[in-house]
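Participant: Going line by line, the protein sequences match chains A and B. Counting from 2, one number per residue, gives the positions in the first sequence under my numbering. Counting from 1033, one number per residue, gives the positions in the second sequence under my numbering.
Certain hints may be false.
[What the hints assert, rightly or not] The calculated BS3-like cross-link candidates involving lysine-lysine, where the alpha carbons are at most 30 Å apart (straight line), are:
#, chain 1, residue 1, chain 2, residue 2
1, B, Lys1302, A, Lys143
2, B, Lys1163, A, Lys60
3, A, Lys105, B, Lys1302
4, B, Lys1304, A, Lys105
[Said to hold, decoys possible] If we take Cβ atoms under 7 Å as the criterion, some of the chain B residues that face chain A in the derived model are:
#, residue
5, Ser1042
6, Thr1124
7, Ser1166
8, Asp1241
9, Ile1261
10, Val1269
11, Gly1277
12, Met1280
13, Thr1284
[Unchecked claim] Anything over 12 Å on all C-beta distances counts as not near chain B; from chain A, calculated:
#, residue
14, Leu151
15, Asp184
16, Ala190
If you are wondering where the hints come from, they were derived from the structure by calculation, not from laboratory data. Glycine included, each C-beta is placed from N, C-alpha and C at the ideal position.
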Amino acid sequence: MTKGWTLYDPRLAWVLVAPALFLILLLLILPILMMMAYTFFTFVTAGVESAVLTLDNWKEFLFDTYYHGFLWKTMRVGAMTAAICAIVGYFPAYFIWATKFRHKWLLLLLLIVPFWISFTIRTFSWIHILGEQGLINVVLLKFGVISEPLPMLYTEGAVIMGLLHFLLPYMILNVYVSLESIDRTLISAARSMGCTNAQAFREVTLPLSLPGLGAGLLLCFVLAAGSYVTPQLLGGSRDALFGNLIYDTIMGQLNWPMGATLSIVLFVILGCFAAAYSRYMGMSQIMKGMGG
Amino acid sequence: MSAKRRDRESRWAWWLTGAITLCVYIFMFAPIIATIVLSFNASMFGGFPLTGFSLHWYAKLATNVQVLDAFRTSMWIALATAAITTTLGVMTAYALVRFHFRFKQAINTLVILPALVPETILGVGLLVMIKAISQPRSLMLLLLGHILLTLPYVVLIVQARMVGISRTYEEAALSLGASRLSSFREITLPLLIPAVLASLMLAFTISFDNTSASLFWRPAGVETMPTQILAMLKISVSPEVNALGTVMILVTVGIPLLGGLLLQSFTRLKKKTEKKGATL
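Assemble the whole structure, with the sequences as input and the hints as a guide.
Facilitator: Written out as structure tokens, the structure reads:
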């Protein structure tokens, strides 16, 4: 069978990667190239476009403030979510890393369990907490703290809450992985040289965990900015994000050229963040975070 | 600053870290527990307060034809995705770990790419493509899309395991006259089993749960489990949705936990028989 082939023949490697490579070229690279072409097509009527090349879609996007508003809000919500994730997520990651608790694996397992629970279910379950019939309102009403239910659901706050719930495990695991790779003798060394615990944390542990924190920030920002189920379920009509705009443009108005234009815009912006990150931190961090 | 005071301060910081950790865990699980509890609520409305225990909503769920259809669709797509992606992933990871060839680094990045591109864009991309060749959306498209979505994770898992398996075992088998295929089947694959099982389960759950991209790709009139839930939520947050959510949680959390337990007892059993073999 291996006649004429060397032991680790590159030709065999190409045969092995061929199906996956073909799939990705056909279903990912080609579609993105076609979307780019579509941005120059002319929209005729719902569901119909012609291959007459035009810059109208790009002009519309660049000069219509309607789109700028969506873009700005999406970036803001994404950045806020990522920042809160980083601040709130660092503590559990540090705790799990530093604890002497015997069943550490249980704490880690509990962080992974949410990945197994349907995203839709995790998102709509917030309705039971924040809604008019939700836990907070029902309890507060019962104890007479408030006389009318607080309007918490269908606000931007609820959307951010839902995104936090979805993204915190990503952040915690990313930070945890980079903490875990720190050589603990460095911290002992700092302590024996007269650092206080706080100083050792500030001078050694925190700087060495920054790559994980950065990877987590990027991942959270990209996933939050690309989301559209969360705003749809937990946000009001004014809390729609860029993803919702794309979905409505394509599935609602059937305006494919404009939908493709908006998709490419989102793709390029999020791609720029990822590229900037990988330039400074290296792609390997993200891979490590995802693999772990 | 005295040593005692410093000690007290760091202890205080540690307690604060612990307290925030506890709050994060409560934050993660409280809504899910609320959903599960509410699915047993007798009330006609999907929210609090609790009025009594009832299994009524589960009974109603079992006769809901749309839900059963969606369940069947999701199940088939997820099983097929798990099988196909794992096969592709093992082949790709094997090539990427064991071989040296041109463009290897580029291919490595390319394979991870679907996990980094937002799902909305993946969704629109595939639709634009089939529109250009004027094909309707089909279950085949949904399946291909799910394979694309799960491939990066499977390759990462198998790669991580493959790196830890020394190539000398395979080479020994080859030098003793085994064919390429049988050396893979007899030596490499058994050593890869944990990664293969993990990949199967992960691909299954990712596919079964996928919402955003599936909303774009599903054929007209076909619902998968998550899109069915979304459609039901559009009407109201009924107790039936809570029951459906609870069933889904049981399926997607139960399967990996069960798989992990099985794997553990499997390795324990193997160790035991190996020990017996050694003493004989």
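Participant: All the hints need checking, so say for each whether the structure fits it.
Facilitator: Here's how the hints hold up against the structure:
no.: 1; hint: Lys1302/B to Lys143/A; verdict: 57 Å, violated
no.: 2; hint: Lys1163/B to Lys60/A; verdict: 24 Å, holds
no.: 3; hint: Lys105/A to Lys1302/B; verdict: 26 Å, holds
no.: 4; hint: Lys1304/B to Lys105/A; verdict: 27 Å, holds
no.: 5; hint: Ser1042; verdict: 4 Å, holds
no.: 6; hint: Thr1124; verdict: 4 Å, holds
no.: 7; hint: Ser1166; verdict: 12 Å, violated
no.: 8; hint: Asp1241; verdict: 5 Å, holds
no.: 9; hint: Ile1261; verdict: 5 Å, holds
no.: 10; hint: Val1269; verdict: 5 Å, holds
no.: 11; hint: Gly1277; verdict: 4 Å, holds
no.: 12; hint: Met1280; verdict: 5 Å, holds
no.: 13; hint: Thr1284; verdict: 5 Å, holds
no.: 14; hint: Leu151; verdict: 14 Å, holds
no.: 15; hint: Asp184; verdict: 21 Å, holds
no.: 16; hint: Ala190; verdict: 17 Å, holds
Checked against the numbered hints above, the structure violates hints 1, 7; every other hint is satisfied.
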